[in-house]
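Working from the sequences, and respecting the hints, build out all of it.
Sequential numbering of the sequence shown, starting at 4, is according to the working numbering.
By construction, these hints were calculated from the structure, which means they are not laboratory data.
All values reported here derive from a predicted model rather than from experimental measurement.
Incorrect hints may appear among the rest.
As the list claims (entries may be wrong) - DSSO-like, lysine-lysine: derived pairs with alpha carbons at most 30 Å apart: (1) Lys40 to Lys29; (2) Lys61 to Lys29; (3) Lys40 to Lys58; (4) Lys19 to Lys57; (5) Lys19 to Lys29; (6) Lys58 to Lys18; (7) Lys40 to Lys57; (8) Lys18 to Lys57; (9) Lys18 to Lys61; (10) Lys19 to Lys7; (11) Lys7 to Lys60; (12) Lys40 to Lys7; (13) Lys19 to Lys60; (14) Lys40 to Lys60; (15) Lys19 to Lys61; (16) Lys60 to Lys18; (17) Lys40 to Lys19; (18) Lys18 to Lys29; (19) Lys18 to Lys7; (20) Lys7 to Lys61; (21) Lys58 to Lys29; (22) Lys7 to Lys29; (23) Lys61 to Lys40; (24) Lys29 to Lys60; (25) Lys57 to Lys29; (26) Lys57 to Lys7; (27) Lys40 to Lys18; (28) Lys58 to Lys7; (29) Lys19 to Lys58.
What the hints assert, rightly or not - Beta-carbon label-pair distances, calculated as ranges: (30) Lys60 to Asn12: 14 to 22 Å; (31) Pro22 to Glu67: 25 to 33 Å; (32) Glu6 to Cys44: 28 to 36 Å; (33) Gly66 to Gly43: 25 to 33 Å; (34) Glu67 to Arg38: 24 to 32 Å; (35) Pro51 to Val8: 17 to 25 Å.
Ideal placement from N, C-alpha and C gives every residue a C-beta, glycine not left out.
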Amino acid sequence: MAEKVYGLNDVVEMKKQHPCGTNAWKIIRMGADIRIKCGGCGHSVMIPRNEFSKKLKKILVQGEA
Numbered sequence: 004m005a006e007k008v009y010g011l012n013d014v015v016e017m018k019k020q021h022p023c024g025t026n027a028w029k030i031i032r033m034g035a036d037i038r039i040k041c042g043g044c045g046h047s048v049m050i051p052r053n054e055f056s057k058k059l060k061k062i063l064v065q066g067e068a
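Below, the structure written as structure tokens:
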């Protein structure tokens with residue numbers, strides 16, 4: 004399987020949706036951990052990079068570099 008390339012300000016779809024009902028998340032911080040912000044309610048979550056890669060389904064919108 005090809006490695007998905009994602010970056011800061013990308014909008015991504017995760018395998019499981021957020022309890023608020025949306026499935027779009029924006030990447031707002033990258034490092035050893037990745038912080039993503041829910042597109043529906045604005046809740047942010049920090050996830051280790053390897054766990055994020057496993058839970059990522061697809062990239063919806065590429066962010067501007």
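- Hint consistency between Lys58 and Lys18 [alpha-carbon to alpha-carbon, up to 30 Å]: 6 Å, holds
- Assess, step by step, whether the Cα of Lys18 is no farther than 30 Å from the Cα of Lys57, and give holds or violated. 9 Å, holds
- Query: Regarding the pair Lys7 and Lys60, is the alpha-carbon distance no greater than 30 Å?
  - Reply: 9 Å, holds
- Query: Has the given pair, Lys18 with Lys61, been kept, meaning a C-alpha gap of at most 30 Å?
  - Reply: Holds: Lys18 and Lys61 sit about 9 Å apart, inside 30 Å.
- Message: Can you confirm whether the C-alpha distance between Lys19 and Lys57 stays at or below 30 Å?
- Response: 11 Å, holds
- With 25 to 33 Å as the target window, see if Pro22 and Glu67 comply at their CB atoms. 29 Å, holds
- Task: Take a quick look at whether Lys61 and Lys40 sit within 30 Å of each other, Cα to Cα.
- Result: 16 Å, holds
- Message: Between the alpha carbons of Lys40 and Lys7, is the straight-line distance 30 Å or under?
- Response: Measuring from Cα to Cα gives roughly 19 Å; hence the hint holds.
- Given the hinted pair Lys40 and Lys18, is their alpha-carbon gap at most 30 Å? Holds, at about 15 Å.
- Is it true that the CA of Lys29 sits at most 30 Å from the CA of Lys60? Between Lys29 and Lys60 the Cα gap is close to 13 Å, so the pair holds against 30 Å.
- Message: Would the hint linking Lys18 and Lys7 be met if the CA-CA limit is 30 Å?
- Response: With a Cα-Cα distance of about 14 Å, the restraint between Lys18 and Lys7 holds, given a limit of 30 Å.
- Item | Given hint Lys61 paired with Lys19 - CA-CA distance at most 30 Å | 12 Å, holds
Checked against the numbered hints listed earlier, the structure breaks hints 33, 34; every other hint is satisfied.
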